[in-house]
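Trainee: Below are the chains, spelled out letter by letter.
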Amino acid sequence: MDKETEKVLDSEMESSAEMPKQEFYITKFEKDLLPEFELEKEFFEEIYSMPGGEKVKECIQCGTCSGSCPSSYLMDHSPRQIFAMIRAGMRKDVLESNTMWYCTSCYYCYVRCLADIKITDIMYALKRLALRDKNIKIPDIKPVRFMESFSALVKRYGRNHEPIFMALYYLSTNPFSMFRQLFVGLNLFIRGRLPLIPKKIKGADDVKKLMEYAEEEEVR
Amino acid sequence: MKYAYYPGCSLESTNKAYDISFRAIMYHLGIAMIDLEDWNCCGATAYISISENVAFVVSGRNLALAEKTGATDVIAPCAACYLTLRKTHEYMMEYPEIYAHVNSALQKVGLSYEGTLRIKSPLEVIINDVGLDKMRIAITNPLKGLKVACYYGCQILRPRTDFDDPEEPTKFEELMKAIGADPVYFSFRARCCGGSTILTYEKQALRMSKNILLSAKREGADIIATTCPLCQINLDAYQRRIEREFKIKLNIPIVFFSQLVGLALNHTYKEMALDSSIISPKEVLKPYIERTTKVKES
Numbered sequence: 002m003d004k005e006t007e008k009v010l011d012s013e014m015e016s017s018a019e020m021p022k023q024e025f026y027i028t029k030f031e032k033d034l035l036p037e038f039e040l041e042k043e044f045f046e047e048i049y050s051m052p053g054g055e056k057v058k059e060c061i062q063c064g065t066c067s068g069s070c071p072s073s074y075l076m077d078h079s080p081r082q083i084f085a086m087i088r089a090g091m092r093k094d095v096l097e098s099n100t101m102w103y104c105t106s107c108y109y110c111y112v113r114c115l116a117d118i119k120i121t122d123i124m125y126a127l128k129r130l131a132l133r134d135k136n137i138k139i140p141d142i143k144p145v146r147f148m149e150s151f152s153a154l155v156k157r158y159g160r161n162h163e164p165i166f167m168a169l170y171y172l173s174t175n176p177f178s179m180f181r182q183l184f185v186g187l188n189l190f191i192r193g194r195l196p197l198i199p200k201k202i203k204g205a206d207d208v209k210k211l212m213e214y215a216e217e218e219e220v221r
Numbered sequence: 011m012k013y014a015y016y017p018g019c020s021l022e023s024t025n026k027a028y029d030i031s032f033r034a035i036m037y038h039l040g041i042a043m044i045d046l047e048d049w050n051c052c053g054a055t056a057y058i059s060i061s062e063n064v065a066f067v068v069s070g071r072n073l074a075l076a077e078k079t080g081a082t083d084v085i086a087p088c089a090a091c092y093l094t095l096r097k098t099h100e101y102m103m104e105y106p107e108i109y110a111h112v113n114s115a116l117q118k119v120g121l122s123y124e125g126t127l128r129i130k131s132p133l134e135v136i137i138n139d140v141g142l143d144k145m146r147i148a149i150t151n152p153l154k155g156l157k158v159a160c161y162y163g164c165q166i167l168r169p170r171t172d173f174d175d176p177e178e179p180t181k182f183e184e185l186m187k188a189i190g191a192d193p194v195y196f197s198f199r200a201r202c203c204g205g206s207t208i209l210t211y212e213k214q215a216l217r218m219s220k221n222i223l224l225s226a227k228r229e230g231a232d233i234i235a236t237t238c239p240l241c242q243i244n245l246d247a248y249q250r251r252i253e254r255e256f257k258i259k260l261n262i263p264i265v266f267f268s269q270l271v272g273l274a275l276n277h278t279y280k281e282m283a284l285d286s287s288i289i290s291p292k293e294v295l296k297p298y299i300e301r302t303t304k305v306k307e308s
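Quick note, the sequences are listed as chains A and B, same order. Numbering-wise, the first sequence is residues 2 to 221 according to this note's numbering. Numbering-wise, the second sequence is residues 11 to 308 according to this note's numbering.
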């Protein structure tokens with residue numbers, strides 16, 4: 002170590018010694034940490050009870066998931082951090098982050114995970130938990146509207162239909178951004194790739210019945 | 011082996027070309043498929059994010075319908091459908107509570123699913139069931155010298171990994187070699203195109219697609235062949251936007267693997283619906299197209 006870096010280090014040591022110790026060590030996250038008896042036990046239950054959810058306990062924090070993720074650079078907390086936060090019981094921070102909403106379901110993390118955690122499935126589970134809890138503020142409403150439009154359409158027709166889906170989605174988010182899609186839509190339409198009239202399947206009522214039945218089961 | 015065919019929503023509308031060309035090559039190879047009647051949407055990634063129960067039940071209906079026809083295998087050309095159906099099947103077999111739940115719901119509409127099916131992607135059917143040797147014999151218009159970038163997409167490789175290596179796959183390239191083309195290795199061939207976020211987080215999705223297109227272009231590919239309808243739309247319909255956004259020149263046509271196989275089986279450009287690609291592959295495929303029409307005339 003050369004003399005200059007030594008000097009810098011020394012001065013840093015001094016300055017830290019001057020500071021009141023408690024404040025120096027409390028970071029943003031540590032403030033939210035609770036003693037073990039106050040942790041929200043239900044959160045563990047919610048995660049661990051899903052198929053394959055137990056594996057979250059075995060996360061070794063290697064960071065392979067974060068390194069494999071094509072959108073981790075956009076996330077509030079990388080997937081690795083999310084697993085640490087789940088185990089620290091930070092329910093609100095986890096569910097209010099944008100991490101799971103940026104997941105594109107590419108399954109790279111899933112196949113690479115050393116602990117065999119079904120990461121993509123956990124992301125879906127986090128989305129469901131965030132949607133179900135009314136006290137959770139979801140950072141971006143767009144993906145929620147995306148899914149709602151999709152499921153409304155299938156409930157009605159039994160199948161997806163792109164033009165109506167796009168219309169539903171854009172009307173519920175930002176109608177003006179629909180114009181940017183116009184060029185793409187037009188190009189598809191010219192080549193006969195955008196049928197305007199939706200086909201309703203014969204069993205559409207069956208599909209609706211099934212969905213409603215399953216939704217009721219979920220609430221119970 | 012008895013196949014049931016589950017096309018999925020996108021093959022009915024935006025990606026008819028895949029449906030047309032795949033049916034044509036299956037007919038050509040002499041493989042019968044039972045058309046599934048009155049199937050519904052598989053749910054893709056949308057339901058599983060709202061309710062796991064609904065997701066499994068909705069795609070369970072399709073499995074039940076397929077089982078009822080007496081088929082042993084279901085062919086799901088759309089990668090998202092393939093993954094969803096397969097996931098439902100596997101979770102039903104692995105977790106008895108899911109099996110019981112799905113079947114109790116299906117009972118309400120007079121259906122049930124026992125779990126006798128295998129779900130396959132078209133690539134799997136052609137490579138494993140038909141076999142590349144049979145393909146080589148059937149080819150009459152080999153695509154010699156055509157540099158094809160084989161783009162796998164995500165969901166036929168991951169997370170179920172029994173078809174090919176999830177990160178360094180090779181089978182698609184082997185099929186392209188069998189039809190006479192020159193597959194080009196490019197590093198983004200199994201990466202995600204961002205298809206599921208194209209409407210919600212457009213910038214991110216365009217960036218991911220750009221990487222794939224640039225990577226294939228740099229390796230000198232003439233054309234990209236894909237197996238996933240969502241990837242096709244993303245790379246093809248949004249390519250002009252990507253060019254504008256990132257100020258690059260790409261102009262690389264995206265087609266389905268089945269369209270190229272069909273061309274090699276001496277079907278014409280029109281029959282394979284190659285004109286439905288927005289970036290036209292006409293220029294690139296010119297020598298092979300001319301040959302098909304010539305053979306047909308004589």
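It should be emphasised that the hints constitute simulated quantities derived from the structure, not laboratory data. Source: prediction; values computed, not measured. Be a bit skeptical, because a hint or two may be false.
Derived lysine-lysine pairs resembling BS3-like cross-links, with alpha carbons at most 30 angstroms apart [unchecked claim]:
hint: 1; chain 1: B; residue 1: K213; chain 2: A; residue 2: K203
hint: 2; chain 1: A; residue 1: K201; chain 2: B; residue 2: K213
hint: 3; chain 1: B; residue 1: K78; chain 2: A; residue 2: K209
hint: 4; chain 1: B; residue 1: K280; chain 2: B; residue 2: K187
hint: 5; chain 1: B; residue 1: K213; chain 2: A; residue 2: K138
Trainee: Compare the structure with each hint and give your call.
Mentor: Each hint tested on the structure:
About 39 angstroms separates the Cα atoms of K213 of chain B and K203 of chain A, which puts this hinted pair outside 30 angstroms; it is violated. Only pairs whose Cα atoms come within 30 angstroms are accepted, and K201 of chain A paired with K213 of chain B is rejected, the gap being roughly 33 angstroms. For the hint linking K78 of chain B to K209 of chain A, the alpha-carbon distance of about 21 angstroms falls within 30 angstroms, and the restraint holds. As the CA atoms of K280 of chain B and K187 of chain B are separated by approximately 24 angstroms, the hinted pair is consistent with the 30 angstroms bound.
A C-alpha spacing of about 24 angstroms is found between K213 of chain B and K138 of chain A, which places the hinted pair at or below 30 angstroms, so the restraint holds.
Of the numbered hints given earlier, the model fails hints 1 and 2; all others are met.
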